Amino acid sequence: MAVATSYEFLDKVIHATPDGEKIRKCLQCGTCSGICPYGFAMDYPPRSLIAALRADDWLGLLESDTIWLCVSCFACANVCPAKIPLTRGLLATLKTEMLVGGSIPQELQVALGNSRRYGNALGEAPSRRAEWVKGSPVPVPVLTGRKEQTDVLWFVGDYGSYHPRVQLVSQAMARILHALEVKFGILGAEEVSDGDAQASAGEGGLLALLARKNLRAMGKYSFKEIVTADPHAFNALKHEYPRLGLRHPVKHYVQFLVERLGRLKALLKTPLPMRVTFHDPCCLGRVNDNNIYEEPRELLRAIPGVKLVEMSHNRTLAICCGGGGGGMWLDGFSWEKAGTRTTDWRVKEAIVAGAQVLAVACPYETPRFEDAVKSTGNEGKLVVKDIVELLAESMFG
Amino acid sequence: MDIVVLMKLVPDLVEDLEIDADSGLLDRSFLRLVPNELDEHALEAALLLKERHGGTVTALALDVGDVDEALFTAVAKGTDRVAKITGAGFDQGVGNQRLAALFQEALADVPFDLILTGTQAVDDLDGFVGALLAERLGLPYVGYVTRIVPENGKYVARKEYPGGLNADIEVTGRVVLGIQAAERPPRYVVTSKIMEAMKTASIEEIEAGDAAADAEIRVTAMSLPESGTHAEMIAGSAVEIAEKLTKLLRERGVVT
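Those sequence lines, one after another, are chains A and B. Okay, so the first sequence: first residue is 0 according to numbering that gives the first Met the number 0, each after it adds one. Okay, so the second sequence: first residue is 0 according to numbering that gives the first Met the number 0, each after it adds one.
Source of the hints: derived by calculation from the structure; they are not laboratory data. Note that the coordinates shown come from a computational prediction; the quantities given were computed from them, not determined experimentally. For every residue, glycine included, the Cβ atom is placed at its ideal position computed from N, Cα and C. Honestly, I wouldn't trust all of these hints.
[To be verified] Beyond 12 Å from chain B on every Cβ pair, some chain A residues (computed): (1) 6; (2) 51; (3) 108; (4) 112; (5) 115; (6) 123; (7) 126; (8) 179; (9) 311.
[Unchecked claim] Keeping only pairs whose Cα atoms sit at most 27 Å apart, straight-line, the calculated DSS-like set for lysine-lysine is: (10) A:82 <-> A:133; (11) A:146 <-> A:268; (12) B:158 <-> A:11; (13) A:237 <-> A:219; (14) B:158 <-> A:237; (15) A:21 <-> A:11; (16) A:212 <-> B:192; (17) A:11 <-> B:243; (18) A:82 <-> A:237; (19) B:198 <-> A:212; (20) A:264 <-> A:306; (21) A:237 <-> A:306.
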């Protein structure tokens, strides 16, 4: 099963990835390595990786562990002039080979092990997945055992369910859905991790296992569409789950709420006079050409008083928060290898852009950026809020 | 070298444990069982020995909870043969005396040079299984082992004592070792390998006979930990906190 030579590996990439054969077209321009946020700290950023494979230095590649700095942000794939599927083909496949060979940073092993055993990367009790609902100011219907049809299945995700900071985002989301009179429900304890970040950390098999569990749970209930606040879940549900049988439309809340912008605007009463910048999550933007750049900005502009400012890296050029591709569970490793965190860079960019609020739309980001605000000494200068928290603040004052 | 690893599934402490009001014992109706952590270390130690010195690894466990998943995972990691002991009532919990008897019975037809098991398990912490089994088999036992080196037909087992002391103990012939920790954390195995094992490997079933405990521990009562007095947070400036803290430490006789 394990690959023994570079050529075997290249064959695997070519056959297992759509457009995989494009890897043959690499003419070593190096644009990928240039834009890679952690390229400077990698032994083999994408261009060098392809060169090493062509030189059949397979053992050299296996000896290096800096592939684990890859945050699967798709920056390289997005700028590649030959459109080589670098992130999902080359890098994810190499991570899988590293896993098969048993080379894995301990902190990532814990998160992957937790995901497999408990259905969430945090290692929390599956039975407590819907505990957060008790703290919600509005009712959040758990579908378990229900027969009647609902309109929206809200996929809450690991962090929205368990992380104390992100539970506040889930509560804001619940209030908004309630105010918009959306008929919705959640899977509660039947939901497990979407598996997206695990797959981009090389564990495609784990995504398949988790997806089957989610699909089995979803199959019990009647609903029209899926909405999630998690771009990773959005990405997996939209691009991976259909292969495994999902037939429902999937939306991130920025899309779902923009569709209801008229009604939403009427509810946005309290002005929030502040300069806000938006951090584009990779999974809404570059990843799989999702290209959802304007919807989050439309929502922010709809809030009275908000002045939207842009960071120097925005939209297709936005720098990853550092949480993707397993990075969420590799903070210690990344710090050790690179001596810096992209999370910190983003916070500094937001400050330079003159923002008072760093708005996000991904559950990884509220805790990550709040940590970075502290670690960069910017406490009191920048507030991190999810878009739904800002909307709820304006709606409910 | 043929190694047998004995594995036990124990209650998962991630879920809240409850005590059954009637029996006064652990409520097992909603228990989630997971492999005992030190048994996973025993498996890792066995796989490392196999990789370095050749031989086979067999994993053996009682048929409870998700034992199949635990055994297929062991196969995916490199275990050659997996077997489960089937019998009635195991889900209600099996004491270590009986467990040792069941393992002895099951091992009757399994050739081995070395038996490894976790030195203890989180459900009882008594550390008896390895020792009791060794006694039954008439073999030597060393517990709290963190390293095993085969040397000229003997093994040097490093045993960990409290206070940072270690002893290298030489054992000859067949032996039972209680593993405190493998040389490295138990390996991660990709999910696709486990799925493959589920398709290609098979779990042997060994039916339990009349193996009975010589004696059994009877639990008379169980209780959840009671919280005592709560911590006091000392407030104030750094100097005030330091003053209050030194005063407290003097009062309690920690410093003079």
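Hint check results:
1. 6: holds, 22 Å
2. 51: holds, 23 Å
3. 108: violated, 4 Å
4. 112: Since the minimum Cβ distance to chain B is about 7 Å, residue 112 of chain A lies within 12 Å and the statement is violated.
5. 115: violated, 6 Å
6. 123: Answer for residue 123 of chain A: violated, closest chain B Cβ roughly 7 Å.
7. 126: violated, 6 Å
8. 179: holds, 36 Å
9. 311: holds, 39 Å
10. A:82 <-> A:133: With Cα atoms ~47 Å apart, residue 82 of chain A and residue 133 of chain A exceed 27 Å; violated.
11. A:146 <-> A:268: Judged against 27 Å, a Cα distance of about 37 Å means the pair is violated.
12. B:158 <-> A:11: The given pair, whose Cα atoms are some 45 Å apart, is violated under the 27 Å limit.
13. A:237 <-> A:219: At roughly 19 Å apart (the allowed maximum being 27 Å), residue 219 of chain A and residue 237 of chain A satisfy the hint.
14. B:158 <-> A:237: violated, 53 Å
15. A:21 <-> A:11: holds, 13 Å
16. A:212 <-> B:192: holds, 18 Å
17. A:11 <-> B:243: Not satisfied, since the Cα-Cα distance of roughly 66 Å exceeds 27 Å.
18. A:82 <-> A:237: holds, 21 Å
19. B:198 <-> A:212: holds, 18 Å
20. A:264 <-> A:306: Given pair residue 264 of chain A, residue 306 of chain A holds - Cα atoms ~16 Å apart, limit 27 Å.
21. A:237 <-> A:306: With a Cα-Cα distance of about 32 Å, the restraint between residue 237 of chain A and residue 306 of chain A is violated, given a limit of 27 Å.
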